[in-house]
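Could you put together the complete structure from these sequences and hints?
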Amino acid sequence: MESTSRNFNANVRAALANDALQSALGKIESGFVANRANAAPRLPEFDALRDQARDIKDHILDNLDFYLEAFEARVLESGGQVHWASSAADARAAILDICRSVDARTVTKGKSMIAEEIGLNDFLEENGIEPVETDLGEYIIQLRKEPPSHIIAPAIHLVKEQIEEAFRGAHEGMFDSGRSLEEPRALLEEARAVLRQRFLDADVGITGANFLIAATGSTVIVTNEGNGDLTQTLPKIHIVIASLEKVVPTLEDTSTLLRVLARSATGQEFTSYTTFSNGPRRNGDPDGPEQFHVVLLDNGRSEMLGGPVRDVLRCIRCGACMNHCPVYGAVGGHSYGWVYPGPIGAVLTPTLLGLDEGRHLPNASTFCGRCESVCPVRIPLLSLMRHHREQAFEDKLSPAAERTGLGVWAFFARHPALYRFATGLAMRALAWAGRKQGRFSTLPFAGGWTAHRDLPAPQGDTFQRQWSARGGRRR
Amino acid sequence: MVGARRAAAMSAARDAIFGRVRTSLGRTVINTEDRAVLEARLTGRKRGPIPARTALDTHPLIDLFVDMAAAADSTIERVADGGAVPAALSDFLARYNLGSDIRMAPDPWLDTIPWAGRPTLTITRGASDGSDDVGVTAAFAAIAETGTLMLLSGPDSPTTLNFLPDNHIVVLRASQVMAAYEDGWDALRDSGAMPRTVNFITGPSRTGDIEQKILLGAHGPRRLHIILIEDAR
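Residue numbers (the working numbering), protein chains in the order written: chain A, 1 to 475; chain B, 1 to 233.
Quick caveat, the hints were computed from the structure, so don't treat them as lab data. Beta carbons are placed, not taken as given, at the ideal position from N, Cα and C, and that holds for glycine. Check each hint, because a few of them may be wrong.
Stated by the list, open to error - Distance condition first, Cα-Cα at most 30 Å in a straight line; then the derived DSSO-like pairs of lysine-lysine:
| no. | chain 1 | residue 1 | chain 2 | residue 2 |
| --- | --- | --- | --- | --- |
| 1 | A | K236 | A | K145 |
| 2 | A | K160 | A | K27 |
| 3 | B | K213 | A | K145 |
| 4 | A | K145 | A | K160 |
| 5 | B | K46 | A | K160 |
| 6 | A | K27 | B | K46 |
| 7 | A | K236 | A | K160 |
What the hints assert, rightly or not - Short, incomplete list of chain B residues facing chain A, as computed with Cβ under 10 Å:
| no. | residue |
| --- | --- |
| 8 | A8 |
| 9 | S11 |
| 10 | I50 |
| 11 | G126 |
| 12 | I143 |
| 13 | G192 |
| 14 | F200 |
| 15 | T202 |
| 16 | R233 |
Structure below.
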């Protein structure tokens, strides 16, 4: 997928002016956020499970080589094949080879963020193979030719009228043109009818994996729709695409991670379908794929493992950080410009694409910490974003005015007496200048603020002086 | 199948990936002692925290399963014995006007149910090709923690029956209800090897992809109905 992360500011301006988007985003607090808040207290062990989930993931990262070898050996034992891919291009080539080996014409797909990361759909199309997304949200955005805006709810940026428009265009001639598609139920029924035939006709099914289990060689998918299961059960070939850090030692570890995944993602006790796959069809099996392939993608993970953002490899892709992010809630996923939006994207995108491309994303945070407070594997998202900010400053990637401003502030911050004197002076000057209106609608050097809202004039004394006056102590 | 050149490139990629992973981990090999510890962890069945809600005696645990399954939009009918299953199935079909054609898993245990007592049912056995309204299967176990059914693929148990028919009916014995997922894994490992597919199923198919409104019956079954035989002591 082509990145527009460097245009973050322009993306945001467009997003804020998009009424349909703002209406769709307005439903996140009463949806995902409220559902998680209701689910958490129903499981008193939730926080203990989150600690355990973090420890399991850290243990895996410490021993990634061992667990990958074990996983590979078990997959081979169960009759599957493992393909190692250093880069996105390697993974695409491996998948194309498998598809061509059976002259595949259509490929059904379960939802996979790794498939997005490697730009699989465009590549298959360029090579004459039709990819069909089967997750309802992914199907909708495939029809609209746009990328997902959320890692578990790819069409969360849309309102139903936009979905109706996409269906009327794509399904023309298949249904009565006078049909009503006003209700979500009618939209779902239409997608179900269209996709059911695609499931039955596909030559190859491609899914992602939430987990890869080293002890058993299982790949695990978690869905609510059942689309992943139809994708992997009906065609001749099942291809699983997953990144290295998805490996987990045992069924018990996977059970712990599953307990925190659904609750963090949608607030469900458990997802409708959790499926463990072990190789191809066995002797006597009446159904199932004849071939089972796992494509393991590195694409930068092996180097992240030894670097400063290693903790982000704990991520289990639940989406809670973006659901709870006030910036994501205002600007939506597409503003972030690449596959992974929200706080997790603010860490991953600059890491995987470089700070030159992604340096705006870690700045798009108020550091309120809501993302960290809900992360099921306790990723220190704020420190990791701060790391990128510092690195961008070190690399002199930010504009001169911003760097000079920070330099001036740093000088005063290192000289507390001067800082107090200067802020006291500035405060009194602003209070005097704003004494009539109590606010400023324009102010030199503060155009970035006053272009969008008034700056209140200072009232009373500086914070530090009020702090001292009220008996506050220094630490 | 992949060609020879692709195979060589893939093997080179494998070596390169392991090389980079080990460089990041600061080791070139895993020493024998560490490896023994890791191998033991792989086979050790060590559990994480198990939710206390499942620490119940047999009958309250079955009640928990029923409550959790209902909360996930499954419907459940509790019957006294296997002899009552055909009538319960007929009632379900009548309730939703589903006709009398049943596609059933060729499971020997399901054969012990006296279907012949309901001659109106037209039962065929085997996998589904997508044309069946009603699929009937057994289950390997049920997990009370979240009202989850655990189904295994195999010659007696086609996976397509779990996903293609609009109505999935599972005939379960109360004695199959276990507390947590880990109990299901122990039972599975004690009974033999991993099958091709293990399906954990919790309620019918659903989606929230249109304006976050939850709708049942996305791509899989619209209804999941559990007929629970009260055989537990």
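Here is how each hint holds up against the structure:
Restraint check: the Cα-Cα separation between A:K236 and A:K145 comes to about 28 Å, which is no more than 30 Å; the hinted pair holds. This hinted pair checks out: A:K160 and A:K27 have alpha carbons roughly 13 Å apart, not beyond 30 Å. For the suggested pair B:K213 and A:K145, the alpha carbons sit about 23 Å apart, so the restraint of at most 30 Å is met. Between the alpha carbons of A:K145 and A:K160 the distance comes to roughly 17 Å, so the proposed pair stays at or under 30 Å and holds.
Among the hinted pairs, B:K46 with A:K160 is inconsistent with the structure: their alpha-carbon atoms are about 47 Å apart, more than 30 Å. This hinted pair does not check out: A:K27 and B:K46 have alpha carbons roughly 41 Å apart, beyond 30 Å. The hinted pair formed by A:K236 and A:K160 fails the criterion: a straight-line CA distance of about 35 Å is larger than 30 Å. Taken as an interface hint, B:A8 does not check out: its beta carbon lies about 12 Å from the nearest beta carbon of chain A, beyond 10 Å.
Taking 10 Å as the C-beta cut-off, the interface hint given for B:S11 holds, the closest approach to chain A being about 8 Å. Hint on B:I50 holds. Least Cβ distance to chain A is approximately 8 Å, under the 10 Å limit. Because the closest C-beta pair between B:G126 and chain A is about 6 Å apart, less than 10 Å, the hint holds. Interface restraint check: B:I143 against chain A, minimum CB-CB distance 9 Å, threshold 10 Å, status holds.
Here the hint on B:G192 is broken, as its CB sits about 12 Å from the closest CB of chain A, past 10 Å. Interface restraint check: B:F200 against chain A, minimum CB-CB distance 4 Å, threshold 10 Å, status holds. Among the interface hints, the one on B:T202 holds; its C-beta lies about 5 Å from the nearest C-beta in chain A, closer than the 10 Å criterion. For B:R233, the shortest C-beta to C-beta distance to chain A is roughly 28 Å, which exceeds 10 Å, and the interface hint is violated.
Hint compliance for this structure: hints 5, 6, 7, 8, 13 and 16 are not met, and every other hint is.
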